[in-house]
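The listed protein sequences correspond, in order, to chains H and S.
The opening position of the first sequence corresponds to residue 63 in our numbering, with each subsequent residue numbered one higher.
The opening position of the second sequence corresponds to residue 63 in our numbering, with each subsequent residue numbered one higher.
Be careful, since some hints might not be right.
A pair holds if it fits inside one copy or across any two, identical chains being indistinguishable in the list.
List time: in silico DSBU-like cross-link candidates among lysine-lysine, alpha-carbon distance up to 30 Å [unchecked claim]: (1) Lys412 x Lys432; (2) Lys208 x Lys281; (3) Lys388 x Lys421; (4) Lys358 x Lys321; (5) Lys421 x Lys404; (6) Lys321 x Lys427; (7) Lys357 x Lys345; (8) Lys345 x Lys421; (9) Lys494 x Lys412; (10) Lys369 x Lys421; (11) Lys128 x Lys101; (12) Lys369 x Lys531; (13) Lys427 x Lys388; (14) Lys504 x Lys345; (15) Lys281 x Lys269; (16) Lys358 x Lys531; (17) Lys414 x Lys432; (18) Lys360 x Lys528.
Just so you know, these hints were derived from the structure itself, not from any lab.
All values reported here derive from a predicted model rather than from experimental measurement.
There are 2 protein chains.
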Amino acid sequence: MRLLNLFILFLFVTISFSQEKWKSLIDEDLNNWEIKQGKAQFKLENGVIYAESILESPSTYLGTKKAYDDFILEFEVFVDTGLNSGVQFRSAINTSVPEHSRVFGYQFELDTNENRAWSGGIYDQSRKNFFLYPVTRNEKGRKSFKNGQWNKARIEAVGNSIRTWINGIQVTNLIDPLSSSGFIALQIHNISESKDVGKKVMWRNIKILTENLSEQRNKVEEYATEINNVDNQLSENQIINGWRFLWDGKTTKGWRGAKMSKFPEHGWEIKNNVLTVLSSNGKESENGGDIVTNKKFKNFELELDFKISEGANSGIKYFVDTYLNKGAGSSIGLEYQILDDKNHLDANKKFKVYEYSNKSWVLHKEDIKKNRSMGSLYDLIEAENLNEERSKRPVHPETWHRARIIVNEGHVEHWLDNIKLLEYNRFSQVFKALVEYSKYSKWENFGQLDSGHILLQDHGDRVSFKNIKIREF
Amino acid sequence: MRLLNLFILFLFVTISFSQEKWKSLIDEDLNNWEIKQGKAQFKLENGVIYAESILESPSTYLGTKKAYDDFILEFEVFVDTGLNSGVQFRSAINTSVPEHSRVFGYQFELDTNENRAWSGGIYDQSRKNFFLYPVTRNEKGRKSFKNGQWNKARIEAVGNSIRTWINGIQVTNLIDPLSSSGFIALQIHNISESKDVGKKVMWRNIKILTENLSEQRNKVEEYATEINNVDNQLSENQIINGWRFLWDGKTTKGWRGAKMSKFPEHGWEIKNNVLTVLSSNGKESENGGDIVTNKKFKNFELELDFKISEGANSGIKYFVDTYLNKGAGSSIGLEYQILDDKNHLDANKKFKVYEYSNKSWVLHKEDIKKNRSMGSLYDLIEAENLNEERSKRPVHPETWHRARIIVNEGHVEHWLDNIKLLEYNRFSQVFKALVEYSKYSKWENFGQLDSGHILLQDHGDRVSFKNIKIREF
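In isolation and in its complexed conformation, chain H is listed as follows (with noise of 0.2 Å):
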């Protein structure tokens, strides 16, 4: 009993103790917050902040004047349903841009779309403009914030870990070196639609530690898939889940040309980590030619960041036989695509099928085919967005995107951003049916291979690779 009470002791005063480090962000005023931009109003009234939307104004941000780099903050939010909101955090003002995107950093998402379900997500607010965290892969998380009602929210930004909880259930767990410092900032979105004028976000009991963090970070949840930004580093968490790189960064170790026993002597450059093909405009492995891995894989999960030249074509393939096709052209295996969709004729390839009957051939369809866009599973299944209803994000010249590619024995995932874009089963009869009508008929049991090589193609255009991790499994 009596260590019971001396245990009861102890937990009190470290909770006191703790509680005294916590700093509200609320005070009787709103001096310690300025608009940074928009016209939207933000109102305090009995310790809530409070903004309606407005029609013809950008995103509205009331931010803080001091900026914080590592700090654990925590609030509670209630969004009317329709609205899209966030709260910023490291965030800062690029005067370089227009008006209505001089806020940038990352922003913990508030989403009342229940569809796509991403509150608490990590977006990169005008700057990649795409979600660095959507909670593609945490279906826990998804279920976390409750549309009607007030949510506890709560953000650790710890050096370059960031993670995000909404009431009591882990969202994300993020490593990324984008910004180490900046404003908090709560945003009231730019609408559309007058229906959605007066509608309201209003936060309360917010509150930040800034001090002693390492200590009150909360348990790590394995719910919460770890997302890995950080260039050539593997985490703790990457390395005890059998991740390693298939590529070291500098040397050609690991790797030969698809047609040959050693590395292309030209064709290929490695450079501070990044390994770019380089341009012979367009002509498929008449340069250095496609590059393969040593070994072979079975099963696995592959990752890779990519950058694209505009207008070009590359892609990864996977279940590769490189004594499959000797002849020109590349080695014959499944293709992960790699396209500037926007740019490249092959993003929408048009097509006519003759058929013949009655001793000649008559005009059977004439169509366009979609599947060799970028993320398709090339000349068979069109990526598509499996994540939300929204069309995929594009793929945008000379900007760096992340590849991944599982496979478990039949079954198959391409993703890309963390989005993802297809699945199949390798296996199954219609997958068959499928190569069947596709140019890959002429190759048996094409897709079929027990393990393979993985291979970076030579399609004559500038395509850029790093981070090549892979784990097996």
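Following the hints, put chain S in place on chain H, whose structure we already have.
Chain S only, in chain H's frame:
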């Protein structure tokens, strides 16, 4: 206690009584048996009848001189691995056919091929020449026969109910009206390779029961799926499981023209419980036109028997929307193709694909598609034989065959004569990708309906249908 004693006594008396009625078919010699066909030698030694494979002989049968109608037969059998054998029952001799195929009738299959493993199945020897009960819908039954050992077999033939067991596991449950009486015969199969010369089949403890059969029958196991081959009649088991006739065999009730509000006035014939689409020289939907069920179906199992004329083309469509194609041609839906593969060009359709590249049309591929063959999902998935390695059994003109379609939400299966031909998920991404390549790409959301009509196609060729039945779930 007294009651238990009484019960044990009762059991003892019952067992003794029934065992008295079993009659051995093996005496001191083989005087009750005779060779019905073939040149192999059967010998009797220590109660074991055995024979060895020889070259240059048709299958040899040692049969009972006596004919049996209703009976329960039990025997033990040992088959050298690599051989195929069987036990004929209710069999007879047809002297009007070549000598090697004169013995015809039901055969209890003995199959040492472990990939197929259809021992205990019922083959219709030298008559229909296919399995009336292939062991494709009873996985437990498939595993009952053991190679390299003696196996205990049991056949119950009572009226049109035929059931078999191996080592206590029920293998078949067939209702079939083809033969009601005939001899029992042991088969030593013909062989074609000298490596099989001298391989043995042995039988022992062959005994038969011919009286009080109904009280001696084994309990029916649910895992041994019942197959009913009786025309215009649902079995008790089928009624319990929700089967009903989708066509009453006599009137046009429940059906209408696909593009009309009533049944076509010509082009279709109803006679002797058979529904026939008449010939109009191969024109698609220009005579009577397709017919559809008035009702729409969502999740169902459909079974019907069909008979083609030479060179015929027809089909069973499901998830049909009769509002979709109001113009010429057939209504739109997923189609179980009915075709005379041997005599219709559609079974091996030549096609060419051109792609638009560098401002001109370039020949991309020239190929043959087999996805319009018998049982295929028309223009999409080629029918295979998923239950054994051999190619699918041909459908012959003027013979009855059974089609079966199962739909459970996205999952669909096509069966022919109790052999699974194909399966797919109509909601999968890869199925939609396949549709994009097919002639159906112009119909939005093809195959995605929540429910639809069932259609019998008028493709201008004479094709008959009977026993059209369905159960919904």
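- Which of the numbered hints are not met once you compare them with the structure shown? Going through the list in order, the structure violates no hint and respects every one.
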